[in-house]
Amino acid sequence: MIPSILPTYARAPLTFVKGQGSWLIEADGRRFLDLGAGIAVNALGHAHPALTEALTTQAQTLWHTSNLYNIPQQQALADKLVDASFADTVFFTNSGTEACELAVKMARKHFASADQPERVDIIAFEGSFHGRSSAGIAAAGSEKMTAGFGPLLPGFIHLPWNDHDAVAASITDTTAAILIEPVQGEGGIRPLPDQCLKGLRDLCDENGLLLIFDEVQCGMGRTGKLFAHEWAGVEPDIMMVAKGIGGGFPLGAVLATEHAATGMGPGTHGSTYGGNPLACAVGCAVMDHVADADFLAGVNRIAGQLRQGLEGLVASHPDVFESVRGSGLMLGLKCKAPNTDVLNAAYDAQLITVPAADNVIRLLPPLNISEDEVTEALKRLDQAAIQVAST
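Residue -18 is where the sequence shown starts when you use our numbering, and the numbers rise one by one after that.
Source of the hints: derived by calculation from the structure; they are not laboratory data. Quick caveat, the model's predicted, so the values are computed rather than measured. Hints may be right or wrong, so weigh each one.
Cβ pair distances, simulated, as ranges [as the list claims (entries may be wrong)]:
#1 S297 <-> T(-11): 32 to 42 Å
#2 Q286 <-> Q97: 44 to 54 Å
#3 E99 <-> D275: 41 to 51 Å
#4 G285 <-> Q41: 33 to 43 Å
Distance condition first, Cα-Cα at most 20 Å in a straight line; then the derived PhoX-like pairs of lysine-lysine [what the hints assert, rightly or not]:
#5 K360 <-> K315
#6 K206 <-> K61
#7 K206 <-> K179
Where is the CB? At the ideal position from N, CA and C, for every residue including glycine.
Please construct the entire structure, taking both the sequences and the accompanying hints into account.
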């Protein structure tokens, strides 16, 4: 008999009932150090006072009105994002998946509005993840994501990751955009080199294409800058954001230049819940923290401590770990042992990590994790590695 919750998740046998900062409390009272942050969502940890205050204050005033009316909190958050980024305009969604849907629509609508309706193809890459909607799985293109869900949305060209020549050779008169994660998350924490991001920007400029960055996982301070593409000194035309932007409250956004948003007038897109007062009140509180230069400097400092410790673990456990990869507090341990063994041993050490492709475990702690907590996390990872090596 099918359970009351559709069985689409292979859930760990853990039930968390409370969160405090970088810690999760299980129903049986055990305290787990959280290096997953809800898959890079809890950017400021659990029950952060500023987010709790923003949510409760707004909840006592007004929850939802719909986008039929002006929403002051939405305007405030849009202004913060525009002021801190390349963008001229923002559309709010409830998730990264919804942001992908709009990014695809916006790119195609841009060219249709420019009397180039034939330009619909979007170049995407092996190992990518753009959500689980029809557009998202079609963009990723992997058998794992698409099997059984045909017919797929057409218009996506799938290329090897980090192959500039293949991208250049694939551009035709029907190409509209290039879609890429500056740092692949689900694909195994793979940062695209800065020169490659610059090369993609150049290709788009030379061929009149739009460049779309998926920063759903790598954005909002995760790499030590507000957005990961800032490290390369390039800017996209369209960008997808979610996860950390709401600090745990469901919220996403598409940021775009005025040029890219050409054609997106009244009636071209919408969302009943997207950008409601509750979500945007929390989003404003998140931005007040993660967009601060001193806060981002702290992210980079802690990231250096964590990475140095992880390199030491790789050296100490060469039969378990192979290498460290990633940027900022979006790090991955490439494993030699099965990553599921490491994941489960970490659970035994009361440490939360997140699996990824390419036999990687992801380390995505709250951005405000302390130095002492990083030291404790490394100790628990060491315990997990010892357990894996002994079995």
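Evaluated hints:
no. : hint                        : verdict
1   : S297 <-> T(-11): 32 to 42 Å : holds, 37 Å
2   : Q286 <-> Q97: 44 to 54 Å    : holds, 50 Å
3   : E99 <-> D275: 41 to 51 Å    : holds, 49 Å
4   : G285 <-> Q41: 33 to 43 Å    : holds, 41 Å
5   : K360 <-> K315               : holds, 18 Å
6   : K206 <-> K61                : holds, 15 Å
7   : K206 <-> K179               : holds, 17 Å
Of the numbered hints stated above, none is contradicted by the structure.
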